[in-house]
Amino acid sequence: MNLIKILFSGFNLRNLKLAAYGWLFNIFFSILVYLGFYSVFSISAGSSKIAENIELYGLFTMLLDIFNNFPGSFLLVTSISSFLLLGYIAASIFVSGGIFSVLIEEEKATFFTLFSASIENFVKFFKIFLVNIINFVLAIVPVVMLSFFLWETLKSATNETLFRIFLILLILLSIILFIFSIAIYDYSRIIRLKEGRNFLFSFRNGVKFVFSNKRQITGIFLFYIFSSILIHLMLRLLMSSVGGIFNFYIIFIIFQIFMWIRYLLKVIVIHGELGIIQAPFKEEKQEDLV
Amino acid sequence: MRINHIYFFIILILISSIPIFTQIVDENSEIKGKSKVSLLLESSPEKDDIIRYQINARLFPKKGKLEGIEIIKWTNRSDIPVNELQFNLFYNAFSDINSTFFKESKIFKLSPEELKKKRFGSIKIDEFKIINRNEKSTNNISFISPDDGNSSDKSVASVKLFRPVEPKKAIWIKIKFTLKIPEIFFKTGQEDDYFFMSHWYPRIGCLSEDGKWITHQFHNNSTFCSDFGNYNVKITIPSRFKIGSTGVQTGKTEKGKEFVEYEFEEKNIPDFAWVVSPHFNEIREKVRLKGNEFDTELILLLSPGHRSAKERYLNAIKFSLKYFEENFTSYPFRTLTVVDPPLKGFYSAGFEYPTLISAAFLKIIPRTFRLSELAVVHGICHQFWYGIVGSDEWSEPWLMEGITAFLEMEIMDSLFPESGSFLNASFMNINDWEMKRRAYLTFFPGKRMYDLPDNLLNDKNFIVNPHSGFSLLLRSLKNYVGKDKFNGFLKYFFSRYKNKIARASHFEESFIAYMQEDFSWAFEQFTSGRKNLDTAVFSITSDPVGGSRKYRNEIVFVRNSGYFPTELKIRLENGKEIKIFWEKNEKWKKVVFDDNSPVDFAIVDPGFKIPLDINLVNNSMVIKKNRSVFKKLAVRFGFYFQNILGFLPL
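Here the protein sequences line up with chains A and B, keeping their order.
Going by my numbering, the first sequence opens with residue 1, and the numbers climb by one from there.
Going by my numbering, the second sequence opens with residue 1, and the numbers climb by one from there.
What the hints contain is simulated information worked out from the structure, not anything from laboratory work.
Any given hint might turn out to be false.
To be verified - For lysine-lysine, the following BS3-like pairs were computed, each having C-alpha atoms within a straight-line distance of at most 25 Å:
| hint | chain 1 | residue 1 | chain 2 | residue 2 |
| --- | --- | --- | --- | --- |
| 1 | B | Lys-116 | B | Lys-180 |
| 2 | A | Lys-155 | B | Lys-129 |
| 3 | A | Lys-155 | B | Lys-65 |
Use the sequences and the hints to build the structure in full.
Spelled out as structure tokens, the structure:
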């Protein structure tokens, strides 16, 4: 019950602002992507009506001919996308510096506060990110290895119904590893800011904390995963109506609201994580949380 | 005089036949089951000159071995005496990494340790005898490599005869053979207790009318030239196995407690394949097709855990048979067996043999990807265009594959009219014809379909791409002449070359003859030539005519490459449309006219009837760009990207 209270208390004005701060960076990069795609299509198609004849040719054929006749355009799209992806990872580290700081220090969520905290914490958080690469790799390796092992075992199996069972198990394992991996990353950052110790200390204590509070953390992330799935399903519904009855500007705006909700969910997760670390719970009372 | 000669000839045949018959009877004592008399009658040279195979085979699953005895009745249909016989011994393609097949495939790149784990196979001829001459020729067998000169390849055998087979004369050949069954590298072999047995028996090569053998080695990228024959095959397998096979099952005999012998027969087919596994889930349904006086039995052999594929397979099978029934001719055989290979035998998936198709289903691939339907539809098209009309697939692999791919596109489009017939996903729909066009675009420029055999050894994708090109040419021609007329031609070509080996030249001649119009321009450019098709709008100008409200509109269309008659459309800003059919074979066409309105856009092939065109971007030109279309597209792709970014944690 306490965990639910903590998560519910996350729906407050400050967190809404923090989510907006995260979304701002997302939209900044996304606009670059939108402009990039627009330029590529517009320049590649030149004065052709190929894009207007999409119903006749099909999307795949239209893209095929554009990329086939202007090979540079495909290279341009992929290189811009890769560059933006790397830039976005850096921006995420930057943004999280502000959001974590405001949440931990319980400051007012103004743009100035967030931005200055982001600048102040960027190097610290970047180091934390680097050390957590081990954590991400360790989370991915078992999934990859198990996938490979299962494939090698099951490809010679007589009954392939086992595939489904093992696939479900693999997904469950991936979810568990994802939860712990992200939680370790989050707590490394929280401890880095709260304790003011170096990044290795923060990482080590982040790992310790996560493994001594498994149930609460799993509860928080399950809330995040199910909410995200719900949001994603609603998004899919929206995507299917693109080009339909709504003007695409309206759809674009609705989509941005969904994106902002997704950031809000993440802020609430951090809020929940902080709730656990701040609450003076004793080990024996921790089961009350779930 | 003449009559006397005939009588003399008949008496001579009867006298000379006595030792032959005696010999066959003696030899047949080794062939169990079939009565000696019926074999004699069936093998009678006066009856017809079709090749007849009678095979007795026994599978030893635990040893990965098969033993067989084969009697072939073969007639020299050429006008030249034949001194040599040629045979396909395809299982030798899997004997070691020096075979042509392995050299063409990637397996030779494996490390020695990895190669040691591979289970190779082979076919050994234990005895070779011309029965009616009592000539034992086992020692006269040598291996030849007519395609690539690879002396290590043993997939084609040559047998020197002690004396020639005179024109129109028949011989009976007895071959005892033993197979060491390999793991399934490609098309055939064994994986545990799943056996897909194709290319398994010694098969006589094709003898052309001029007395030359067309016998190709086993290749990684090509299929073969197969002569048509009548088959009677008995297969003995352990009782616990279930069997699927080419042809109609005509017998089943218990052989002790643990073995059972199945007998299958089929006439006028180019090959014979079968499959066994104890785990198949067998589903049988009967359909009566228009014009047939018998029911065709659909036999679906599903692998364990593939139950969800059942309806997909049956739907695709029935739809395809119906399509052929309505548009061409009904499937003429009494059975159609569709085998659904298990994952462990997936290298045998997606191939077709007479009345036997190996389909494809993977549990990990979502049903939005129409792999299973595609494999079945493709396989059924091949029942007609390979199973009934043959070709020399090594020399002209694009011909039958192209016709099959064309029909596959037509059927898949009809089967999934509302959605992607290849992929139906939320982010993108892709049709089967779009995939064919993609393959074709990666093939050009400057490669001819006729260059194929020279390139097959070096280029893995060489076979896939040009037959896609031929299928697109056929679709373009269909749209040009009209669907009914085109289907009429296919029907005509089919009936003309039924149970014969058709050549590309036959196809082209038949097309021109049927259409009563010279279409040599199409074949000379796009099959035997190196041309690609690219028609474009070159320029549009709309200048005011001095002092008046009129505009001088000038539009130039250009043929950058190739020629195909096409429709042109010009639309003015006031909504007026001008349509021109550009039939003349000229490099460019200028259209000039005065009107109150300037030009809005011009477009080549506005109905997209010519998918052979390699560049759709230059097919149209507008004066004022519609930017909202690009915005919509950018938003669509931007959504996907932003969505991915949003998933990255803060």
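Evaluated hints:
For a cut-off of 25 Å, the pair hint linking B/Lys-116 to B/Lys-180 stands: about 16 Å separates their Cα positions. Restraint check: the Cα-Cα separation between A/Lys-155 and B/Lys-129 comes to about 43 Å, which exceeds 25 Å; the hinted pair is violated. Taking the CA atoms of A/Lys-155 and B/Lys-65, the gap is near 23 Å; set against the 25 Å cutoff, the hint holds.
Violated hint: 2 only; the structure is consistent with all others.
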